[in-house]
Amino acid sequence: MDILLAIAIMALGAVVLGAALGYASIKFKVEGDPLVDKIEAILPQTQCGQCGYPGCKPYAEAIAKGEAEINLCPPGGMEGVQRLADLLGREVKPLDAEEKPKQVAIIDENTCIGCTLCIQACPVDAIIGAAKQLHVIIGPQCTGCELCLPPCPVECIHMEPIAENIDNWKWKYPVVELKAAPMREAA
Amino acid sequence: MLMNLFKFKGGVKPPTNKTQSLGKPIAQAPIPSRLVVPLHQSIGGTPRPVVQAGDKVLKGQLIGEADGWISAAVHAPTSGTVVEVAMHVQPHPSGLDALCVVIEPDGKDEWIPREPVNYKALTPEQVRERLQQAGVVGLGGAVFPTHGKLTASKTVPMEEMVINGAECEPFITCDDLLMRERAEEVVRGIGIFRDLLQPKRVLIGIEDNKPEAAAAMRAAVQAVGENFEVIPVPTLYPAGGAKQLIRVLTGKEVPAAKRSTDLGVQCFNVATAYTAWRAITHGEPVVSRLVTVTGNVHEPRNYEVLIGTPMDELLKLATPHPDTDGIIMGGPMMGFLVPQPDVPVVKATNCLIAHSDRLFPPKAPEMPCIRCGSCAQACPHELQPFEMYWFSRAKNFGKTQEYHIFDCIECGCCSFVCPSRIPLVQYFRFAKSEIWAREREKNAADQAKERFEFKQLREEREKAEKAEKLAKAAAAQAAKKAAEAAAAAAAGDTAATSPQAADAPAIDAEKAARQAAIQAAMERAKAQREAAQPKNTDNLTPDQQQAAAEIEARRAAARLAVPEAPANEKSE
Amino acid sequence: MSHYLFILVGAVLVNNVVLVKILGLCPFMGVSKKLETAYGMGAATTFVLTMATGASYIIDHYLLIPFGLEYLRTLSFIVTIAAIVQLTEMVIAKTSPTLQQTLGIYLPLITTNCAVLGVPLLNIANGHNFVESLLFGAGSAVGFSLVLILFAGIRERIEGADVPVHFRGAAIAMVTAGLMALAFMGFAGLDKYQ
Amino acid sequence: MFAPAPFLLKDTSVSQVMTQVCIALVPGIAAYAWLVGPAILVQLVIASLAALLAEAAMLRLRKKPLALFLSDGSAIVTAWLIALTFPPLAPWWLVATGTIFAIIVAKHLYGGLGQNPFNPAMVAFGVCIVSFPALMSQWPSVGLQLPLVDQVNVILGLAPRIDALSSATPLDALKTALKLDEGAFDVTHLLANQDIYGNFAGRGWEWVAVGYLLGGLWMWQRKLITWHVPVAFTGALVAVSGALWLYNPAHFASPLFHLLSGGAMLGAFFIATDPVSGCTTPRGKLIFGAGAGLLAYIIRVFGGYPDGVAFAVLLMNLCAPVIDLLTQPRIFGMKDAGKGGKA
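Protein chains in written order, with my numbering: chain A, 1 to 187; chain B, 1001 to 1572; chain C, 2001 to 2194; chain D, 3001 to 3343.
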């Protein structure tokens, strides 16, 4: 008898709570996933696919769903991993690839045969040119994704690191000088 | 002069060291053996070179054309021959190269024809344009193109114009001597600015350790018959910072995110006013400036120096002591050691200080911050440098922005008072440039995203078009067959039934129309196929077109050089 | 009246649920890296804990005791808490997805936060009436949120400190928690003052 | 090598700051040694040695330059504060343990100088009073005539800890008396006993507190500290003790008694003003000082410990980062105070 009573009471509780939760799930239904946008804002938008997803947005979606690790984006670098970790409260993991300096693709003008294959490969339309005409990469728009390298039949594209100039030069981190070394300035 | 002065919080009183270079009047520095004139000498767009190696130039001749509105032209400082237009090390802490015009002077110092103008006859637009063409920029050190500051806010009436003769940095005396010796021209230059901006009052702020300059300016104001107020301000570094001086003279505080004109106030340096006067009424563009040469030298003095003069040549005039081991450009609080001694004097160079360990003892090693708060008390912008340092050091840049790192004017007061000898300003510069770099990356990423999405959209559209085309082709095929069948049937029927014969031409017409339509569709499809070829030559900016054109030109050149290149194949 | 005050002060400070009773350490360590998250977690836990004490009192007094089912206490309390947590999660998911993401696993884990179960059980052990239970629950929750937020503030600052490598992260956080508990021992005896 | 601007620097350094703090402690120490007993000097030496040893060991382990950090004086300041807050005849190992704990756990585990969230001296006090409550509550009665040699022997454990040594501080004595007598005596009556309570707050001790006050004022005059924390601390203490004293003078001691007894003056000028573990914004400092003063009063009067300054400071240390965040000052060009993105 007691046990039946217990079961009855627990069942009653279950029904009441279930009803409350069911009502709440309708009332507080969430449409879409605003998190994806925040993740995508951190990704470098190179659209390079090095993460194994076809572009930055699919990767962001995968991260938001918890399907992908946050350390798969080499162009984003460790900094990107750090920021994703901060956003999502996940542990920082070492990057799943080597970190490279920022690069741009350069087309060797003497070898290019104007096949347009690289133009089709470029995810951001940073290559201009027409069939049987020499192609040119628009430097500022190149994301350095390297996707144009494999399709080129004559291997006329190579990557060059972006040179430092006065406009993009950055102040260096002040060296924390803890040893009593004399600081001398050389002119 | 009875006037209520305001105060800014913080500030420091470093030893001024100004008397050394005040002993002698301004001297004309001789024309050096070679002038290296950087094209980018102001904030804003980099001027485009308009001369080539071998060109003969006259003093004041345009060599770099302003690029955009916020940009100022660059001129040949003396007559001579252009040796090269090439990359040279800049007087910039980075020690990197930038494009310079190198001129070998012919010693004649021959001016271009100068046309004196009465600026009152010109419209304000014309005056501003002339200032831009003459390369007039803020000579206090910020080198912002002056014409860009001479437009009043549309909504806020211009109340005060502040003229900065405070010159608060230790060692520097070039503005002091300028005001002493050329006060009248300074006052007349201020008159130009006044006429353009129409402020209610003009306030000339001069630190009270320069009574001679203040007296000279007062006399000049009287002589010219203006109503400018010359106001001595308390000597306190950085009273000469534009925002601090505005605060002291008007009580207004200009936040980092606002322009001073939004508050009805604008600030100019006295040297800027002087060059503006020379440029407008004498037709002389900015080809020289006053430079204090001081520090570890025998004869500190102020010189009028041609832009582009190598700094070591200039320093020699003051005979530096043998233990000099570097040159500081600017004052000891905000200046920097130039990367190599032969970098040129530019429009921003107000002072050269010969550096030696005797004059500036090497800093004690950096200790950890003890959060003593001295920096916060010294900060003229009422920031909390120790917090900004804490997060800059940890590279937590978001936090540095929460502590308003971009309101920091890098005056160096915090580093000056820090008992732990922390190069605070250095940390802030580091953090700022990292944040800027991120901003750039973010912009690039946004642009890339946009372009990627556009490309995807285009591919989608092309796919859809292709599918549609295929469907159309299939439909056309079917229709054609149907039409043929119908035609055959019609032909067979014609003989049999005469009433239907009347319909035949109609059917024929219909068929013809259909065929024409098919033809047209095929034409269209073909055209579309061609259009769908990744050509991507539309919608190019002039820059891109130019880049492409350059590449084409190079390619043509390459082809000329290598005749066996498959030129024919390509040129089809 | 002062009796209620003592219960409240006692729950917030003197017998702080985290630093003195050592309950609820999991979220205390887990979501105190950032102040913002700590605010969210504090609010969520405060809500859940206050609701749970109220609900559990009602269940205990009007369902379990009348029917002699005290042995079902733990089970029924956990079920109730789980439902309240689920509700909270839905609300947070609706109002602040970032908070939901940053709280991550700790949000559903409020269910297993021993403080949330411990406080209702302590209420029964101490024989608190309904108002006392609510006060004790709310006080414990406020105490939890308070130390969580203060802890997050300290951890944000320690983030930039030159902590020896072997002590970075959890180690220094535990040391800090220990020193915080030391500081809270200063309140000892306050609730016994006559 | 690159040397950043500014090239001119003011003549100041961390060791100068720390030395001045030590100098400011001298009047208090002198009064202490003169009126309470010279044993404090021995304790100062013991604590300093322990601090320097612990500091050196940690610096060596952390591979930091020894000479630079040992000479900065911060360890000495911590050591002196520990010695001054411990009972003057506490066994040497207690002082040494407290100091070593402070230097290693409260200071170096957080990265050393300038990075500790808790005041190391107060951590030492807290740890010891929780772990060794009896030893930490044995104060010699002032006026006890015991030769210095015997006092040193007591400290070093060579002589037995006789009963005369184990009295309580005036503050503790008053609290115990009030509790035991259940209102049989009132405060004024108790305080009339000049042997324990001196003229107003404890024989001898009151003048030590005045010594700290003088040192603190000198630090304020030298701009080593700002007025905020001491004023807020003493203000809060006076306000709350004054209110209760007016409410029931028979049961609560006067503000003057509270100001000059226990660690109030030392806390107000030397401990709560520590910028590393305290608040740094002006408003934050006020809140910090007031909070510390209030908590000190509550704990010393209503709580279970003889004095509340140490715990009050530790508790406010806890709150300091959050208080600082919430009291960000107005910056140049901003209309109102308060946090908020770019103005």
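In case anyone wonders, no lab produced these hints; they're calculated from the structure.
For every residue, glycine included, the Cβ atom is placed at its ideal position computed from N, Cα and C.
Accuracy of the hints is not assured; some may be wrong.
[As the list claims (entries may be wrong)] Which chain C residues stay away from chain D? Per the calculated CB distances, all over 10 Å, these: (1) Met2029; (2) His2061; (3) Pro2066; (4) Gly2068; (5) Thr2074; (6) Gln2086; (7) Leu2150.
[What the hints assert, rightly or not] The calculated PhoX-like cross-link candidates involving lysine-lysine, where the alpha carbons are at most 20 Å apart (straight line), are: (8) B:Lys1442 to A:Lys57; (9) B:Lys1395 to A:Lys172; (10) A:Lys93 to C:Lys2034; (11) D:Lys3064 to B:Lys1013; (12) A:Lys65 to A:Lys38; (13) B:Lys1395 to B:Lys1007; (14) A:Lys27 to A:Lys100; (15) B:Lys1252 to B:Lys1200; (16) A:Lys65 to C:Lys2094; (17) B:Lys1009 to B:Lys1120; (18) B:Lys1432 to B:Lys1399; (19) A:Lys172 to B:Lys1432; (20) B:Lys1442 to B:Lys1258; (21) A:Lys170 to B:Lys1432; (22) B:Lys1455 to A:Lys57; (23) B:Lys1154 to B:Lys1252; (24) C:Lys2033 to A:Lys27; (25) A:Lys38 to B:Lys1442; (26) A:Lys93 to C:Lys2033; (27) A:Lys65 to A:Lys93; (28) A:Lys170 to A:Lys102; (29) C:Lys2034 to B:Lys1399; (30) D:Lys3064 to B:Lys1009; (31) A:Lys100 to A:Lys29; (32) B:Lys1442 to B:Lys1432; (33) B:Lys1442 to A:Lys102; (34) A:Lys100 to B:Lys1363; (35) B:Lys1455 to B:Lys1395; (36) B:Lys1316 to B:Lys1024; (37) B:Lys1009 to B:Lys1252; (38) A:Lys38 to C:Lys2021; (39) B:Lys1056 to B:Lys1024; (40) A:Lys172 to A:Lys102.
Here is what the structure says about each hint:
1. Met2029: Check passes; 16 Å lies beyond 10 Å.
2. His2061: Check passes; 34 Å lies beyond 10 Å.
3. Pro2066: holds, 41 Å
4. Gly2068: Since the minimum Cβ distance to chain D is about 42 Å, Gly2068 of chain C lies beyond 10 Å and the statement holds.
5. Thr2074: holds, 34 Å
6. Gln2086: About 31 Å separates Gln2086 of chain C from the closest Cβ of chain D, which puts it past 10 Å; holds.
7. Leu2150: violated, 5 Å
8. B:Lys1442 to A:Lys57: Satisfied, since the Cα-Cα distance of roughly 15 Å is no more than 20 Å.
9. B:Lys1395 to A:Lys172: It holds: about 12 Å lies between the C-alpha atoms, which stays within 20 Å.
10. A:Lys93 to C:Lys2034: Distance of about 19 Å is within 20 Å: holds.
11. D:Lys3064 to B:Lys1013: violated, 34 Å
12. A:Lys65 to A:Lys38: Distance of about 13 Å is within 20 Å: holds.
13. B:Lys1395 to B:Lys1007: At roughly 34 Å apart (the allowed maximum being 20 Å), Lys1007 of chain B and Lys1395 of chain B break the hint.
14. A:Lys27 to A:Lys100: violated, 48 Å
15. B:Lys1252 to B:Lys1200: It holds: about 15 Å lies between the C-alpha atoms, which stays within 20 Å.
16. A:Lys65 to C:Lys2094: holds, 16 Å
17. B:Lys1009 to B:Lys1120: Violated - the C-alpha atoms of Lys1120 of chain B and Lys1009 of chain B are around 41 Å apart, more than 20 Å.
18. B:Lys1432 to B:Lys1399: holds, 12 Å
19. A:Lys172 to B:Lys1432: This hinted pair holds, its Cα atoms lying about 11 Å apart.
20. B:Lys1442 to B:Lys1258: violated, 23 Å
21. A:Lys170 to B:Lys1432: Given pair Lys170 of chain A, Lys1432 of chain B holds - Cα atoms ~9 Å apart, limit 20 Å.
22. B:Lys1455 to A:Lys57: holds, 14 Å
23. B:Lys1154 to B:Lys1252: Holds, at about 19 Å.
24. C:Lys2033 to A:Lys27: violated, 32 Å
25. A:Lys38 to B:Lys1442: Since the Cα atoms of Lys38 of chain A and Lys1442 of chain B sit roughly 13 Å apart, the hinted pair holds (cutoff 20 Å).
26. A:Lys93 to C:Lys2033: Holds: Lys93 of chain A and Lys2033 of chain C sit about 17 Å apart, inside 20 Å.
27. A:Lys65 to A:Lys93: holds, 18 Å
28. A:Lys170 to A:Lys102: holds, 14 Å
29. C:Lys2034 to B:Lys1399: holds, 12 Å
30. D:Lys3064 to B:Lys1009: violated, 37 Å
31. A:Lys100 to A:Lys29: violated, 43 Å
32. B:Lys1442 to B:Lys1432: holds, 15 Å
33. B:Lys1442 to A:Lys102: Judged against 20 Å, a Cα distance of about 14 Å means the pair holds.
34. A:Lys100 to B:Lys1363: violated, 36 Å
35. B:Lys1455 to B:Lys1395: With a Cα-Cα distance of about 36 Å, the restraint between Lys1455 of chain B and Lys1395 of chain B is violated, given a limit of 20 Å.
36. B:Lys1316 to B:Lys1024: With a Cα-Cα distance of about 17 Å, the restraint between Lys1316 of chain B and Lys1024 of chain B holds, given a limit of 20 Å.
37. B:Lys1009 to B:Lys1252: holds, 13 Å
38. A:Lys38 to C:Lys2021: With a Cα-Cα distance of about 39 Å, the restraint between Lys38 of chain A and Lys2021 of chain C is violated, given a limit of 20 Å.
39. B:Lys1056 to B:Lys1024: Distance ~36 Å between Lys1056 of chain B and Lys1024 of chain B Cα, so the pair is violated.
40. A:Lys172 to A:Lys102: holds, 17 Å
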